[in-house]
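Chains as they are written, first to last, in this note's numbering: chain H, 330 to 661; chain B, 330 to 661.
Calculated from the structure, these hints are not laboratory results. Yeah, the Cβ is synthetic: ideal placement off N, Cα and C, and Gly gets one too.
Only pairs whose alpha carbons sit at most 27 Å apart, straight line, appear in this in silico DSS-like list of lysine-lysine:
no.	chain 1	residue 1	chain 2	residue 2
1	H	K608	B	K470
2	H	K472	H	K495
3	H	K495	H	K533
4	B	K580	H	K580
5	H	K407	H	K439
6	B	K415	B	K435
7	B	K625	B	K472
8	B	K472	B	K495
9	B	K627	B	K608
10	B	K660	B	K415
11	H	K439	H	K625
12	H	K472	H	K537
13	B	K580	H	K533
14	H	K580	B	K533
15	H	K622	H	K497
16	B	K580	H	K536
17	B	K470	H	K472
18	B	K537	B	K470
19	B	K625	B	K515
20	H	K470	B	K472
21	H	K470	B	K470
22	B	K536	H	K580
23	B	K472	B	K608
Going by beta-carbon spacing under 7 Å, a handful of chain H positions derived as facing chain B:
no.	residue
24	S386
25	Y387
26	I570
27	I582
28	P585
29	T586
30	Y588
31	L589
32	V593
33	A596
34	V602
2 protein chains.
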Amino acid sequence: MNKQLLLMKRPVEFPSEDTWAFTEEQTPEPREGQLLIRQHLISLDPAMRGWINASRSYIEAVELGDVMRAGTVGQVVKAVNHPKFKEGDMLSGWGGVQQFTLTDGKGFHKINTELADPKVHMSTLGMPGMTAYFGILEVGKIKSGNTVVVSGAAGAVGSVVGQIAKIKGCRVVGIAGGEEKCHYLKEDLGFDEVIDYKSGNLRKDLKKACPEGIDVYFDNVGGYTLDTVLTRINRQARIVICGAISQYNEKAIQGPTNYLSLLVNRATMEGMVVFDYAKRYPEAVVQLAQWMKEGKLKSREDVYVGIEHFYETFCRLFSGEKIGKLILDIKQ
Amino acid sequence: MNKQLLLMKRPVEFPSEDTWAFTEEQTPEPREGQLLIRQHLISLDPAMRGWINASRSYIEAVELGDVMRAGTVGQVVKAVNHPKFKEGDMLSGWGGVQQFTLTDGKGFHKINTELADPKVHMSTLGMPGMTAYFGILEVGKIKSGNTVVVSGAAGAVGSVVGQIAKIKGCRVVGIAGGEEKCHYLKEDLGFDEVIDYKSGNLRKDLKKACPEGIDVYFDNVGGYTLDTVLTRINRQARIVICGAISQYNEKAIQGPTNYLSLLVNRATMEGMVVFDYAKRYPEAVVQLAQWMKEGKLKSREDVYVGIEHFYETFCRLFSGEKIGKLILDIKQ
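Turn these sequences into a full structure, and let the hints steer you where they fit.
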């Protein structure tokens, strides 16, 4: 049997458990040119919150009654004359929250398990790593000596953003919630400064951590953090809008009231969607893997076990009870 | 005697008449290397509202008790061995709201009255023209075929922005308040579409006027207009933040709640300050004057008479009771 998670409701604020429901189907049989993938890992991403809204954003909404969209890593258990993949291949792609995925292989690619563990292919060598790499280099355009601030700094994207900025010679300040995360960023990842936003002194702490202002800000959270950072940006500063996790479950989005700081400082705020760089993923994977090999870049995954624990694991994205990439291991 | 307007208060919301006070001093005598300029024209600009706030923005605040800052055009009535200017020269610069300005000439430049009337040197060939030119070309980076929206479209900056965009082959939509302005934009300046925001259907009107979305938005007003435009932008759209006249007199600035449209659309919001292009003003003046000569670009000034009418004329900036460049003629 194939256990699947279906989208049942479109929540306005925070999704409740009955937003989704499990179902089981007979495990399907691949036909000519098809694959059956047994999924091992399900990726949990803040973007999931947006995908269940009715409105199309940068990607189609998940339809009610459909399997919940998710990035996956799994193994081909059956292939019927597939031109590209064979049984045993480990594939990354959009497999959805289910144990088995039947597909023609479109949107899937083979991962190199000798290069790194499958989990790492879902984190630093996967979508979060790609987002960090192209976001901070192509949109943030960091230069050596810049003061770079990143929010959601202990997350899958933020932690890689900060480490890349360190590698490129920047002074890196991370904003995260709680002592454990701050300790991790400073002691394990070598961030220059960390700010625990939960301590409630963001404005003051930011001033102290960035005495010479902020050149590049990589925003994963939006809301009050973005608004406060805007008061400390330098001339020609660049703000990368990657996400706004503080706002995804709000009925009304909080806009940055200090946006006129962009005018005063001739600064830029630019949005990014990682898919635009799809053709260049291989180049990023090579570079990120190289940095990992050299010990300059650390990947961290927070893995929970069992497809039935999807909802409580999903909640960790927003409660912040996780460090690094949040993954559900459903291999059993 | 030299009548001068001094800044007396720092208003939080809309400035009242006693924000400023007139005084008179003995008309000063220029000494070695100095000039005395008799001012003819005083420029009224929305930016004045920002200059009287306590906080430094892109320029120092006007100090309490100081002559109110203003752009001016006037004639040198006395020059004592000045290396650059002589009696009779018409000079543009920061003369302030006063009848006579004593100066060493720094920050002033001679205008060519054969090229255009002094009023035009204060509008389309002056700061508003420079702002429009560099803002829409260098920051907006318009390309032929783009749909360009400009707010404050009947203002000194907006009207030139729209006309430059037309010259460059764009489809131009102006947002302005009231029938007279809309008629002027469409019939006199040849805008493709105009929207009267006072009719209260901005969202619907914008959708109708921009069926293929918005590629470039030049924002002079902020607030609800900016927020609404954000819902209609295209992929890779560019938003030029030039001003936010709807917000200057508000205690709390309204941030753009739809700013995540920047993310979804990989769009950019960038602030500009015209002073950054000072070295290139001459190139813009030549080009704008050429377009005027060819009949492609029209300049319009709204002139009121008498320094004693400063306050009521200033109020027109925010009530919208003016078209084009607002000028106070104090030549008498």
